[in-house]
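J.: Protein chains in written order, with the numbering used here: chain D, 100 to 434; chain X, 14 to 460.
Bear in mind the hints are in silico, worked out from the structure with no lab data behind them.
Glycine residues also receive a C-beta, built at the ideal position from the N, C-alpha and C atoms.
Treat each hint with caution, since some may be false.
Said to hold, decoys possible - Derived EDC-like pairs (lysine to aspartate or glutamate); straight-line CA-CA distance at most 20 Å:
#, chain 1, residue 1, chain 2, residue 2
1, X, K67, X, E302
2, D, K433, X, E416
3, X, K380, D, E234
4, D, K433, X, E414
5, X, K136, X, D125
6, D, K433, X, E425
7, D, K160, X, E381
8, X, K165, X, E137
9, X, K168, X, E256
10, X, K25, X, E414
11, D, K429, X, E302
12, X, K123, X, E26
13, D, K429, X, E392
14, X, K248, X, E26
15, X, K65, X, D115
16, D, K433, X, D338
17, D, K429, X, D170
18, D, K429, X, E425
19, X, K310, X, D338
20, D, K164, X, E416
21, X, K296, X, E192
22, X, K311, X, D328
23, D, K433, X, E392
24, D, K429, X, E256
25, X, K92, X, D115
26, X, K212, X, D170
27, D, K322, X, E392
Said to hold, decoys possible - Sample of chain D residues lacking proximity to chain X, with all beta carbon distances greater than 10 Å (derived):
#, residue
28, I102
29, I316
30, L434
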Amino acid sequence: MYISPSPHTHAQGSVSRTMLNVIIALVPAYLASLYYFGIGALIVSLISIASCVLFEYLITKFLLKREPTISDCSAILTGLLLAFNLPSNLPWWIIILGAAFAIGIGKMAFGGLGCNPFNPALVGRVFLLISFPAEMTTWPRPIPFNLHYLDAETGATPLSYIKEIAGLDVDSTSSATAIKSATTAFESVPDYLHLLLGNIGGSMGEVCAIALIIGFIYLLCTKTITWHIPISILATVALFTWPLYAHNPIIMADPLTQIMTGGLLLGSIFMATDYATSPMTHWGQIIYGIGIGVITVVIRTWGNYPEGMSFAILIMNGITPLINHYVRPKQFSKL
Amino acid sequence: MKTFRLGGIHPKENKITASVPFKYVPIPSEVIIPLDQHIGAPAVPCVAVGDKVKAGQTIGNPGGFVSAAVHSSVSGTVKKIENVRDAWGVLHNCVIITVEGDDWMENIDKSDTLITECKLEAKEILDKITASGIVGLGGACFPTQVKLMPPKDAKIDTLIVNAVECEPYLTHNHRLMLEKGNEVIVGVKIILKALGINKAIIGVENNKKDAIEHLKSLLPKYNTDGVQISVEALKMKYPQGGEKQLIHALTGRVVRSGAIPAATGVVVQNVATVFAVYEAVQKNKPIMEIALTVSGKKVANPGNFILRIGTPLADAVAMAGGIPDGTGKLICGGPMMGRSMISVNTPANKRTSAVVMLDEKESVRGKETNCMRCGKCVEACPMGLEPYLLSKMSKLKMYDEAEAHAIFDCIECGCCAFSCPSNRPLLDYVRLGKAQVMAIMKNRNNK
């Protein structure tokens with residue numbers, strides 16, 4: 100007979116089940132990226148997942164001398180998310196470097212699952228973005244069932260078009276060429292349907308809005324995450340870019356385009372909601388979401404990077420302990 | 014439908030025995046009756062070895078203000094008065110009686126006749142309750158007469174009858190309401206009279222629709238002379254039957270940290286206690302018997318049983334078909350708050366409400382892994398605490414911080430550990446830390 104204190108029953112949830120739920124939720128977006136970016140997406144994702152799992156195994160087994168934790172599936176998820184944040188024509192050794200940094204520095208250096216202050220996949224991505232700016236911002240064009248990996252045809256992302264327009268001095272009427280090139284660039288910005296379906300350039304997992312939204316619905320239905328973080332980010336971005344767009348529609352993308360591009364959906368649904376690096380309480384999560392939204396728009400509008408989502412999430416990850424300290428759950432006895 | 018506001022979980026109900034009527038467990042050849050079946054001072058034995066006792070005779074007088082009388086549940090001879098180890102290894106002073114026949118005290122009305130009229134004054138009712146050894150049968154075993162004599166400054170206006178039975182598997186309260194509905198309502202009226210108030214709410218979880226309907230159909234004939242008894246269906250959510258949660262759900266009032274429910278003008282009594290009050294006041298019958306559910310997914314004949322106090326739980330388990338093969342855990346009480354036992358050879362007492370048998374697979378706790386800070390425990394906590402933080406503080410002996418984070422508010426319902434995907438023993442640590450913090454606070458107040 101077993102003896103233990105109560106409770107004697109359990110909800111039957113587990114870490115691996117939670118991670119699997121997120122991985123399942125990423126499947127639609129993964130299929131979309133396989134469709135648009137073909138063999139490149141497959142290679143990048145497999146290298147990323149395999150090296151994340153391998154690095155976690157090696158570090159736990161030989162460096163920390165602990166029981167390997169790869170069976171909890173969190174390394175697979177980190178690998179998949181890292182791949183989603185990379186262009187599908189990235190050379191294999193850069194991916195391995197990013198995976199090593201994500202797992203080694205982003206996660207295991209702090210003690211493994213749940214102890215990391217920053218989202219490991221984003222740590223890996225930002226490390227690569229800073230170290231290999233050229234490779235990390237050369238995106239392949241979406242061509243169904245593309246069989247090219249490194250030699251894929253490249254193009255810009257919707258937001259980099261807009262950034263390019265904003266870079267031009269469109270206010271100066273004397274510069275006729277500037278206006279002309281701005282108009283040309285502006286016409287290159289894809290319409291909503293393409294944005295929704297993902298027929299645009301970008302990191303391999305961020306393009307297909309509809310697939311990401313399906314994943315979001317799945318996560319909500321399985322109660323893996325709550326709506327608070329994603330919705331507060333999206334609402335903030337929409338509300339903040341609306342007046343900016345209304346003020347100058349030439350250099351700003353409209354709110355809907357802002358939401359569907361630049362990894363905003365991928366980031367708000369799958370990256371910002373990472374348990375370890377986001378606040379505990381719903382109010383804390385809303386503050387965190389608003390923070391991410393504001394920082395993203397600030398970077399997109401006034402910063403050097405067209406996307407800004409990764410930096411916004413990492414900055415708010417850093418503020419999460421503070422939010423947890425000040426925004427506490429409402430206690431019953433103080434209702 | 015009413016419910017409490019914060020947290021809560023939805024464990025599988027497993028109310029297998031909801032439609033199984035009560036069965037009486039035969040009187041054993043010997044009963045072991047502990048003298049400390051309640052919170053407070055143990056009862057003082059008032060019989061000696063060799064004395065002949067009758068069923069219903071007082072064998073232990075209250076040992077203080079917060080204490081309760083203990084009665085013989087059988088007739089026979091006192092064999093021994095000694096310390097007996099229970100299923101948890103704790104010693105209890107017990108009166109051991111060899112059973113001879115079934116001879117009851119003359120003043121006890123053994124018939125099933127319903128007596129609705131109660132002409133006694135409040136004081137007389139309280140005296141009868143005290144003399145009958147009635148304690149809260151919801152599990153806490155707090156002496157009932159103390160609860161019915163709230164402090165003078167507390168203005169009591171509502172009696173809440175806790176018939177929620179939110180623990181999985183347990184159904185004996187459900188059966189009691191179906192089989193003894195009239196008696197329960199008369200019991201409510203008696204307690205209202207003792208408290209000198211008119212309003213009572215019977216809170217029942219909505220998975221007992223037949224009991225709700227039954228009580229509702231009986232109520233009109235009892236709601237006379239200004240008495241307002243109502244039945245309120247509550248949403249199915251654990252721990253709906255927690256005292257603070259129930260008060261909040263039914264009245265919207267909040268019991269503050271360290272305060273007693275009476276401070277909000279409410280007295281809560283378990284439905285089984287209410288029935289015991291009926292029997293004590295109307296039938297002169299002290300607590301001699303308790304009702305319990307014996308259940309489990311693989312139990313051959315799970316059911317609801319009534320047995321004399323001091324009968325080994327094994328007798329009830331035998332009637333249910335014995336312990337099935339592959340059983341890994343025996344729980345005294347429900348799976349959320351019950352205590353696991355090493356064997357069922359322990360006497361039934363006022364604290365016993367069920368024997369639940371889990372199979373081996375369910376009995377083993379999952380492997381503990383890193384906290385991934387998912388916040389499921391925070392979301393589940395009905396007291397609005399942060400179990401992940403409190404457990405860590407307790408583990409690191411950070412008692413000041415744990416006190417600052419209101420560890421003393423924990424009601425030990427187990428929602429946190431139930432919902433933790435990392436299988437962390439959150440409540441184990443919180444319980445340890447809470448005990449330490451309570452001791453520190455008590456020491457400080459005594460200085």
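J.: Does each hint hold? Answer for all of them.
T.: Hints, verified against the model:
1. K67/X / E302/X: 14 Å, holds
2. K433/D / E416/X: Given pair K433/D, E416/X holds - Cα atoms ~15 Å apart, limit 20 Å.
3. K380/X / E234/D: With Cα atoms ~43 Å apart, K380/X and E234/D exceed 20 Å; violated.
4. K433/D / E414/X: 18 Å, holds
5. K136/X / D125/X: 26 Å, violated
6. K433/D / E425/X: Status holds; Cα separation ~18 Å.
7. K160/D / E381/X: 19 Å, holds
8. K165/X / E137/X: 19 Å, holds
9. K168/X / E256/X: Given pair K168/X, E256/X holds - Cα atoms ~18 Å apart, limit 20 Å.
10. K25/X / E414/X: 35 Å, violated
11. K429/D / E302/X: 42 Å, violated
12. K123/X / E26/X: Violated, at roughly 35 Å.
13. K429/D / E392/X: 11 Å, holds
14. K248/X / E26/X: 13 Å, holds
15. K65/X / D115/X: Holds. K65/X to D115/X sits at ~12 Å (cutoff 20 Å).
16. K433/D / D338/X: 48 Å, violated
17. K429/D / D170/X: 28 Å, violated
18. K429/D / E425/X: 18 Å, holds
19. K310/X / D338/X: With Cα atoms ~12 Å apart, K310/X and D338/X stay inside 20 Å; holds.
20. K164/D / E416/X: Roughly 36 Å between the alpha carbons, so the hint for K164/D and E416/X is violated.
21. K296/X / E192/X: Measuring from Cα to Cα gives roughly 17 Å; hence the hint holds.
22. K311/X / D328/X: 18 Å, holds
23. K433/D / E392/X: Given that 20 Å is the threshold and the Cα spacing comes to 16 Å, the pair holds.
24. K429/D / E256/X: 19 Å, holds
25. K92/X / D115/X: Holds, at about 17 Å.
26. K212/X / D170/X: 7 Å, holds
27. K322/D / E392/X: 12 Å, holds
28. I102: I102/D not clear of chain X: closest Cβ-Cβ about 5 Å, inside 10 Å.
29. I316: 19 Å, holds
30. L434: Violated, since 5 Å does not exceed 10 Å.
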